[in-house]
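2 protein chains.
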Amino acid sequence: MVVDIKQKITLNNLQPIRQSFSVTFDYGVHFTNAVFDTKNPLLAKVIATDGETKPKKVLAVVDSGLLQSRRMLLKQIATYSDHYADTLKLAADPIIVLGGEEAKNDPNELLKIHQTINEVGLCRHSYLLGIGGGAVLDLVGYAAATAHRGIRLIRIPTTVLAQNDSGIGVKNGINAFGKKNFLGTFAPPYAVLNDFTFLTSLNDRDWRSGIAEAVKVALIKDADFFEYISTYAHALVCRDLNRMQNVIYRCAQLHMDHIANNGDSFEKGSSRPLDFGHWAAHKLEQLTNYRLRHGEAVAIGIALDSTYSYLIGLLSRLEWRRILNTLLSLGFVLYLPELSEQMTEPEHPRSLFRGLNEFREHLGGELTLTLLQRIGKGVEIHEVDMSLFRQAIWLLGEFYNSSLPATGWECMM
Amino acid sequence: MVVDIKQKITLNNLQPIRQSFSVTFDYGVHFTNAVFDTKNPLLAKVIATDGETKPKKVLAVVDSGLLQSRRMLLKQIATYSDHYADTLKLAADPIIVLGGEEAKNDPNELLKIHQTINEVGLCRHSYLLGIGGGAVLDLVGYAAATAHRGIRLIRIPTTVLAQNDSGIGVKNGINAFGKKNFLGTFAPPYAVLNDFTFLTSLNDRDWRSGIAEAVKVALIKDADFFEYISTYAHALVCRDLNRMQNVIYRCAQLHMDHIANNGDSFEKGSSRPLDFGHWAAHKLEQLTNYRLRHGEAVAIGIALDSTYSYLIGLLSRLEWRRILNTLLSLGFVLYLPELSEQMTEPEHPRSLFRGLNEFREHLGGELTLTLLQRIGKGVEIHEVDMSLFRQAIWLLGEFYNSSLPATGWECMM
Chain A
477 MVVDIKQKIT
487 LNNLQPIRQS
497 FSVTFDYGVH
507 FTNAVFDTKN
517 PLLAKVIATD
527 GETKPKKVLA
537 VVDSGLLQSR
547 RMLLKQIATY
557 SDHYADTLKL
567 AADPIIVLGG
577 EEAKNDPNEL
587 LKIHQTINEV
597 GLCRHSYLLG
607 IGGGAVLDLV
617 GYAAATAHRG
627 IRLIRIPTTV
637 LAQNDSGIGV
647 KNGINAFGKK
657 NFLGTFAPPY
667 AVLNDFTFLT
677 SLNDRDWRSG
687 IAEAVKVALI
697 KDADFFEYIS
707 TYAHALVCRD
717 LNRMQNVIYR
727 CAQLHMDHIA
737 NNGDSFEKGS
747 SRPLDFGHWA
757 AHKLEQLTNY
767 RLRHGEAVAI
777 GIALDSTYSY
787 LIGLLSRLEW
797 RRILNTLLSL
807 GFVLYLPELS
817 EQMTEPEHPR
827 SLFRGLNEFR
837 EHLGGELTLT
847 LLQRIGKGVE
857 IHEVDMSLFR
867 QAIWLLGEFY
877 NSSLPATGWE
887 CMM
Chain B
477 MVVDIKQKIT
487 LNNLQPIRQS
497 FSVTFDYGVH
507 FTNAVFDTKN
517 PLLAKVIATD
527 GETKPKKVLA
537 VVDSGLLQSR
547 RMLLKQIATY
557 SDHYADTLKL
567 AADPIIVLGG
577 EEAKNDPNEL
587 LKIHQTINEV
597 GLCRHSYLLG
607 IGGGAVLDLV
617 GYAAATAHRG
627 IRLIRIPTTV
637 LAQNDSGIGV
647 KNGINAFGKK
657 NFLGTFAPPY
667 AVLNDFTFLT
677 SLNDRDWRSG
687 IAEAVKVALI
697 KDADFFEYIS
707 TYAHALVCRD
717 LNRMQNVIYR
727 CAQLHMDHIA
737 NNGDSFEKGS
747 SRPLDFGHWA
757 AHKLEQLTNY
767 RLRHGEAVAI
777 GIALDSTYSY
787 LIGLLSRLEW
797 RRILNTLLSL
807 GFVLYLPELS
817 EQMTEPEHPR
827 SLFRGLNEFR
837 EHLGGELTLT
847 LLQRIGKGVE
857 IHEVDMSLFR
867 QAIWLLGEFY
877 NSSLPATGWE
887 CMM
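Respectively, the protein sequence lines represent chains A and B.
Here this note's numbering is used: the first residue of the first sequence is 477, the next is one more, and so on.
Here this note's numbering is used: the first residue of the second sequence is 477, the next is one more, and so on.
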């Protein structure tokens, strides 16, 4: 690549310079209990592996929703930091941010984190600790990725959804202009610590909601895993922690394997099989003003796209019904009136079908939806038949309305 | 990595899941003239190589400073787009942003770009076209990297500095909390088009200023290149476009080679040899309220760190003087009163030495400065002797004040 620049060079000689390099990303997802118990050295060990001068500056950002059930958490974090003072040092009191989607909707939450990073002088070798649900981790991840072009991020996901899906991957984001994740980057974390003890204080909705992403990944990638979820649906709903750990672990494995081995870790192409059911889910969240949890919306999205897969002759009737029955036995609602608003006006802001275009726009390129060929096997399509999709909504409504209502005492049995 | 999750798993069995993957980045830096002349197919060709459905949505963001000397530019862009309508389509009128550092200081400039991306529905496979100096390209790059987690960016740098340094690399950023590049990411462009015709309308300051980065990279990596710049300093100052093209080409080559082959393309470590002279440069820009151009500040930073390299016995007196004389013959000012403010209070906000700490904080980890062992060979150090650095400032002042003033008629000879 060396050019003798002393010779006279005319413009024609100035060949394009081709740049090509690879960047390797490495991180571990750890499974533990009571991560801030001083007897648990995991967090300190993870920080100690960086091999640099100690103690490292750490700034914790905590989900306010979590503090309602974990009142001692801030004190535990401080005690933990004191105990491992040789390794880490809290650079400031933990920042408390709004829980749930509000974390991503309110730009002040991002500003608050950036301001503190600046005030306490975190550098690229310092640590931001995100502790909370998926939305809070998305916010903290975006703050970490953009300050000084990237501060190290350790995620401590505290919900089922964050532990098996949103908290273990390579994305972050906040909402802007009314669009989910309009701003965000691809930025792998430094490490993820899944602490199962946080799950015990979840309310039933949040406990259940995260199972939807496990159903999703099972449907497109692993029939045995779907069988497991289906078999133990009752135990899962009734808060069997051991079964839930298995579900989280396998779901995390499948997600991470996909990110590493699909050949497009940072989603430069148009394909995104892990977004099965998500075009409708994202739009439904917005149409319900985020009254729906993300997982609850995903369950409906899965049900809808499975129904469409059945109607276009891709999925057998038997498997279609198994999927919907499994979602029902997990306690998910599968139909909402919002599905049918402005059905004949696909570009109306209140039409679910507007979500198809928004989904395409966010991913970029050609419209690419994942449908089901069978349980455990997704397939991509690039065109949809709107009339069959309307029929799928109607059929889903019929199915759901004729199903038995949840009784509320299943766990007594 | 498959686990039989049907067997009862106790927590001890849940081994950490290790994630590891690489992402490859590829782009070309092209050299051309009159990029928006309809007879020049380069831009259309670069977009056409994506092999996707045409025409692609393109949004141009233009440096307002550029428009002062290129009044027809907006019309040329529109005509070009019409001519290549099969390949590209302007999604909106070009956005005009402030030129120079103000582009990065005013958060409204970023918001304006994001708003338009949202309004016209750009997706990850659309193109943002940044046309302007280094500061504008940094802003446009940050906007592109964060919208939808990354819209394709084509940079069209229009200054010497942007064509040989800031516009060809993998970084972007804006200023916040009074700190340069506090917000930013690592995000390689889709392509870079260096159009030499833009250089002819630069004023003398901007023409000269970009040579400083070429001197820098020559000093740490390529003695022959330093020799070339030194030999042709007079021609370069007198606006010999052919020599300048050679300087830009070689400088770009050395920069890109460093990014690809230094083993740390996204700067996860503490080492950053390309920032030779930059700790003082960044601080001087701030101390002078950005009255100094970046390249002018870099010239002083190079002069200072070369002087310090000489004083600690690393660099010979002969080479030290050659470096300073070359910078002088390029027309750079090498001393400003701001260098000596609050010298004995290194943490004072007005002290140049405060820049050492800000530099360390931005890079992260241990303080790492590049000094010179000889011309063409940089070396890293982690500690500085403040008393010798104060002496270096004094010596630089003496040297500069005893040098002959520029006469202003050199190019007549």
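Some hints here could point you the wrong way.
If several chains are the same, the list does not tell them apart, and a pair holds so long as it fits within one copy or across any two.
[To be verified] Below, a list of computed lysine-lysine pairs in the PhoX-like style, where the Cα atoms sit at most 20 angstroms apart:
#1 Lys588 with Lys744
#2 Lys515 with Lys565
#3 Lys655 with Lys697
#4 Lys533 with Lys744
#5 Lys697 with Lys588
#6 Lys530 with Lys853
#7 Lys533 with Lys697
#8 Lys532 with Lys565
#9 Lys521 with Lys853
#10 Lys515 with Lys588
#11 Lys744 with Lys551
#12 Lys744 with Lys532
#13 Lys853 with Lys744
#14 Lys697 with Lys515
#15 Lys565 with Lys530
#16 Lys521 with Lys647
#17 Lys532 with Lys521
#18 Lys530 with Lys744
Worth flagging that the hints you see were computed from the coordinates, not collected in a lab.
For which of the previously enumerated hints does the structure constitute a violation, in increasing order of number? 1, 3, 5, 6, 7, 9, 10, 11, 13, 14 and 16
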